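S.K.: Sequence:
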Amino acid sequence: MDIGERILRKRTEMKLTVRGLAKLVEASPATVSQWENNRTLPNGKNLNNLAKIFKTTPTWILNGKDYTANIPLSSNVAEAPAQYNTKSLPVLSQVQAGGWMEALDYRSLGNDIEWEDAPSRASDNSFWLRVVGDSMTSPVGISIPEGMLILVDPDIAPENGKLVVVKLDGTDEATFKKLAIDAGMKFLKPLNPTYPTIPINGNCQILGVVIEAKFKL
1 MDIGERILRK
11 RTEMKLTVRG
21 LAKLVEASPA
31 TVSQWENNRT
41 LPNGKNLNNL
51 AKIFKTTPTW
61 ILNGKDYTAN
71 IPLSSNVAEA
81 PAQYNTKSLP
91 VLSQVQAGGW
101 MEALDYRSLG
111 NDIEWEDAPS
121 RASDNSFWLR
131 VVGDSMTSPV
141 GISIPEGMLI
151 LVDPDIAPEN
161 GKLVVVKLDG
171 TDEATFKKLA
181 IDAGMKFLKP
191 LNPTYPTIPI
201 NGNCQILGVV
211 IEAKFKL
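Using the UniProt record's numbering, read the sequence shown as starting at 1 and increasing by one per residue.
Read the hints as simulated data drawn from the structure, not as lab findings. The reader is advised that the hints may include incorrect statements.
Claimed, not checked - The following label-pair restraints were derived from C-beta to C-beta distances:
#1 181 with 16: 25 to 35 Å
#2 12 with 63: 30 to 40 Å
#3 2 with 24: 18 to 28 Å
What the hints assert, rightly or not - Calculated pairs, DSS-like style, for lysine-lysine (alpha carbon to alpha carbon, straight line, at most 30 Å):
#4 214 with 162
#5 216 with 45
#6 52 with 216
#7 162 with 216
#8 167 with 214
#9 167 with 52
Every value quoted in this text rests on a predicted model; they were computed, and no experiment measured them. Every residue gets a Cβ at the ideal spot worked out from N, C-alpha and C, and that includes glycine.
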(Lines of atoms letter the chains of each structure in order from A; the text may use other names.)
(Lines give C-alpha, C1' and ligand atoms only; values in the text may rest on other atoms or scores of the structure.)
Protein backbone atom coordinates (compact mmCIF):
# COMPACT_ATOMS: atom_id res chain seq x y z
CA MET A 1 0.00 0.00 0.00
CA ASP A 2 1.45 3.39 -0.97
CA ILE A 3 0.92 6.83 0.61
CA GLY A 4 -2.06 7.72 -1.55
CA GLU A 5 -3.77 4.41 -0.81
CA ARG A 6 -3.28 4.87 2.93
CA ILE A 7 -4.81 8.34 2.84
CA LEU A 8 -7.71 7.12 0.70
CA ARG A 9 -8.30 4.16 3.01
CA LYS A 10 -8.40 6.31 6.13
CA ARG A 11 -10.65 8.88 4.48
CA THR A 12 -13.05 6.13 3.37
CA GLU A 13 -13.07 4.52 6.81
CA MET A 14 -14.02 7.88 8.33
CA LYS A 15 -16.72 8.35 5.64
CA LEU A 16 -15.24 11.67 4.58
CA THR A 17 -15.48 13.18 1.13
CA VAL A 18 -12.40 14.70 -0.49
CA ARG A 19 -13.85 18.13 0.24
CA GLY A 20 -14.61 17.14 3.85
CA LEU A 21 -11.06 15.93 4.50
CA ALA A 22 -9.63 19.01 2.78
CA LYS A 23 -11.61 21.26 5.14
CA LEU A 24 -10.31 19.41 8.22
CA VAL A 25 -6.70 19.48 6.98
CA GLU A 26 -7.04 23.14 5.93
CA ALA A 27 -5.99 22.31 2.37
CA SER A 28 -7.74 22.46 -0.98
CA PRO A 29 -9.73 19.49 -2.38
CA ALA A 30 -7.32 19.46 -5.33
CA THR A 31 -4.40 19.00 -2.95
CA VAL A 32 -6.08 16.04 -1.23
CA SER A 33 -6.80 14.46 -4.63
CA GLN A 34 -3.13 14.87 -5.59
CA TRP A 35 -2.08 13.10 -2.37
CA GLU A 36 -4.43 10.20 -3.01
CA ASN A 37 -3.15 9.89 -6.59
CA ASN A 38 0.51 10.12 -5.45
CA ARG A 39 1.11 13.21 -7.54
CA THR A 40 2.37 15.11 -4.50
CA LEU A 41 3.20 14.16 -0.89
CA PRO A 42 1.84 15.76 2.28
CA ASN A 43 4.49 17.39 4.45
CA GLY A 44 4.94 19.85 7.27
CA LYS A 45 1.69 21.16 8.77
CA ASN A 46 -0.49 19.20 6.32
CA LEU A 47 1.17 15.91 7.26
CA ASN A 48 0.76 16.58 10.97
CA ASN A 49 -2.89 17.57 10.50
CA LEU A 50 -3.56 14.35 8.58
CA ALA A 51 -2.01 12.30 11.38
CA LYS A 52 -4.20 14.02 13.98
CA ILE A 53 -7.36 13.53 11.92
CA PHE A 54 -6.58 9.87 11.21
CA LYS A 55 -5.44 9.30 14.83
CA THR A 56 -2.15 7.84 13.67
CA THR A 57 1.44 9.06 13.17
CA PRO A 58 3.12 10.92 10.29
CA THR A 59 5.44 7.91 9.93
CA TRP A 60 2.50 5.58 9.23
CA ILE A 61 1.15 7.90 6.53
CA LEU A 62 4.54 8.11 4.80
CA ASN A 63 5.80 4.52 5.04
CA GLY A 64 3.11 2.41 6.68
CA LYS A 65 5.07 1.86 9.90
CA ASP A 66 3.42 2.51 13.26
CA TYR A 67 5.63 1.96 16.28
CA THR A 68 2.77 1.91 18.82
CA ALA A 69 3.02 -1.41 20.66
CA ASN A 70 0.63 -3.32 22.89
CA ILE A 71 2.48 -3.85 26.17
CA PRO A 72 1.30 -6.68 28.49
CA LEU A 73 -0.17 -5.68 31.85
CA SER A 74 2.58 -7.70 33.58
CA SER A 75 5.26 -5.53 32.02
CA ASN A 76 7.37 -3.31 34.26
CA VAL A 77 7.21 -0.42 31.76
CA ALA A 78 4.26 1.75 30.79
CA GLU A 79 3.16 2.53 27.27
CA ALA A 80 3.90 6.11 26.35
CA PRO A 81 0.88 8.16 25.31
CA ALA A 82 0.46 8.77 21.59
CA GLN A 83 2.14 11.97 20.50
CA TYR A 84 0.73 13.84 17.54
CA ASN A 85 2.72 17.08 17.84
CA THR A 86 5.38 15.62 15.57
CA LYS A 87 6.50 15.83 11.97
CA SER A 88 8.31 13.32 9.76
CA LEU A 89 11.75 14.32 8.51
CA PRO A 90 14.20 12.52 6.21
CA VAL A 91 17.19 10.49 7.38
CA LEU A 92 20.12 11.62 5.22
CA SER A 93 23.47 10.07 4.46
CA GLN A 94 26.64 12.05 5.19
CA VAL A 95 26.90 12.98 1.49
CA GLN A 96 23.24 14.03 1.25
CA ALA A 97 23.64 16.13 4.40
CA GLY A 98 26.71 17.79 2.87
CA GLY A 99 24.55 19.06 0.01
CA TRP A 100 21.40 19.71 2.03
CA MET A 101 21.81 23.48 2.11
CA GLU A 102 21.78 23.48 -1.67
CA ALA A 103 18.84 21.08 -1.96
CA LEU A 104 16.49 21.99 0.92
CA ASP A 105 13.84 19.78 -0.66
CA TYR A 106 13.38 16.13 0.23
CA ARG A 107 11.86 15.45 -3.21
CA SER A 108 15.34 15.99 -4.69
CA LEU A 109 16.57 12.93 -2.77
CA GLY A 110 14.55 10.43 -4.80
CA ASN A 111 11.89 7.97 -3.72
CA ASP A 112 13.95 5.73 -1.44
CA ILE A 113 13.90 7.97 1.64
CA GLU A 114 13.88 6.82 5.26
CA TRP A 115 11.72 8.92 7.57
CA GLU A 116 11.71 9.47 11.32
CA ASP A 117 9.30 11.31 13.58
CA ALA A 118 10.66 14.56 14.99
CA PRO A 119 9.27 17.12 17.45
CA SER A 120 7.17 19.86 15.88
CA ARG A 121 9.60 22.48 17.23
CA ALA A 122 12.14 21.39 14.59
CA SER A 123 12.05 23.55 11.47
CA ASP A 124 10.83 22.05 8.18
CA ASN A 125 14.42 22.25 6.88
CA SER A 126 15.65 19.89 9.60
CA PHE A 127 16.88 16.35 8.93
CA TRP A 128 18.05 13.23 10.74
CA LEU A 129 21.59 11.96 10.41
CA ARG A 130 23.03 8.61 11.56
CA VAL A 131 26.30 8.96 13.49
CA VAL A 132 29.28 7.19 11.93
CA GLY A 133 32.47 6.42 13.87
CA ASP A 134 33.37 6.99 17.51
CA SER A 135 34.67 10.57 17.53
CA MET A 136 31.60 11.66 19.55
CA THR A 137 31.75 8.75 22.00
CA SER A 138 32.89 10.10 25.36
CA PRO A 139 33.99 8.19 28.49
CA VAL A 140 32.24 10.83 30.65
CA GLY A 141 29.32 13.21 30.28
CA ILE A 142 27.39 13.42 27.02
CA SER A 143 28.26 10.58 24.65
CA ILE A 144 26.76 10.03 21.20
CA PRO A 145 28.02 6.70 19.84
CA GLU A 146 27.99 5.30 16.34
CA GLY A 147 24.56 4.35 15.05
CA MET A 148 22.63 6.96 17.02
CA LEU A 149 20.28 9.26 15.10
CA ILE A 150 20.78 13.00 15.54
CA LEU A 151 18.28 15.68 14.53
CA VAL A 152 19.92 18.63 12.78
CA ASP A 153 18.17 22.00 12.51
CA PRO A 154 19.73 24.43 9.97
CA ASP A 155 17.55 27.31 11.22
CA ILE A 156 19.20 27.50 14.68
CA ALA A 157 22.19 29.80 15.08
CA PRO A 158 25.37 27.91 16.08
CA GLU A 159 26.74 29.10 19.42
CA ASN A 160 29.69 28.18 21.58
CA GLY A 161 29.22 24.72 23.11
CA LYS A 162 26.53 23.60 20.67
CA LEU A 163 26.77 20.25 18.89
CA VAL A 164 26.85 20.97 15.16
CA VAL A 165 27.03 19.26 11.79
CA VAL A 166 29.45 20.89 9.36
CA LYS A 167 30.84 20.44 5.86
CA LEU A 168 34.57 21.07 5.65
CA ASP A 169 35.99 22.67 2.52
CA GLY A 170 37.21 20.11 -0.01
CA THR A 171 34.89 17.35 1.22
CA ASP A 172 31.46 16.14 0.13
CA GLU A 173 30.43 14.66 3.48
CA ALA A 174 29.11 16.17 6.67
CA THR A 175 30.84 15.69 10.02
CA PHE A 176 29.46 15.94 13.57
CA LYS A 177 31.37 17.75 16.34
CA LYS A 178 31.05 20.21 19.23
CA LEU A 179 31.54 23.88 18.36
CA ALA A 180 34.05 25.71 20.55
CA ILE A 181 34.65 29.47 20.26
CA ASP A 182 37.62 30.97 22.09
CA ALA A 183 38.81 34.57 21.67
CA GLY A 184 37.06 34.81 18.32
CA MET A 185 38.58 31.57 17.06
CA LYS A 186 36.32 28.64 16.16
CA PHE A 187 37.11 24.95 16.59
CA LEU A 188 35.41 21.59 16.07
CA LYS A 189 35.92 19.54 19.21
CA PRO A 190 35.25 15.76 19.28
CA LEU A 191 33.73 14.40 22.51
CA ASN A 192 36.20 11.52 22.27
CA PRO A 193 39.47 12.88 23.74
CA THR A 194 41.59 10.64 21.50
CA TYR A 195 40.62 12.71 18.45
CA PRO A 196 42.22 16.10 17.65
CA THR A 197 40.46 19.47 17.76
CA ILE A 198 40.00 21.04 14.31
CA PRO A 199 40.28 24.82 13.71
CA ILE A 200 37.54 26.00 11.32
CA ASN A 201 38.10 29.68 10.71
CA GLY A 202 36.65 30.23 7.23
CA ASN A 203 37.16 26.69 5.95
CA CYS A 204 33.78 25.09 6.59
CA GLN A 205 30.03 25.51 6.35
CA ILE A 206 27.90 24.85 9.44
CA LEU A 207 24.87 22.89 8.22
CA GLY A 208 22.91 22.99 11.46
CA VAL A 209 22.69 22.55 15.22
CA VAL A 210 21.86 19.16 16.74
CA ILE A 211 18.69 19.45 18.86
CA GLU A 212 17.92 15.80 19.62
CA ALA A 213 19.50 12.34 19.60
CA LYS A 214 17.95 8.89 19.84
CA PHE A 215 18.67 5.20 19.41
CA LYS A 216 16.77 2.93 17.02
CA LEU A 217 16.88 -0.61 18.42
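S.K.: All hints are to be evaluated individually against the structure, with a verdict given for each.
M.R.: Against the structure, the hints come out as follows:
no.	hint	result
1	181 with 16: 25 to 35 Å	53 Å, violated
2	12 with 63: 30 to 40 Å	20 Å, violated
3	2 with 24: 18 to 28 Å	22 Å, holds
4	214 with 162	17 Å, holds
5	216 with 45	25 Å, holds
6	52 with 216	24 Å, holds
7	162 with 216	23 Å, holds
8	167 with 214	22 Å, holds
9	167 with 52	37 Å, violated
Violated hints, listed in ascending order, are 1, 2, 9; each of the other numbered hints is respected by the structure.
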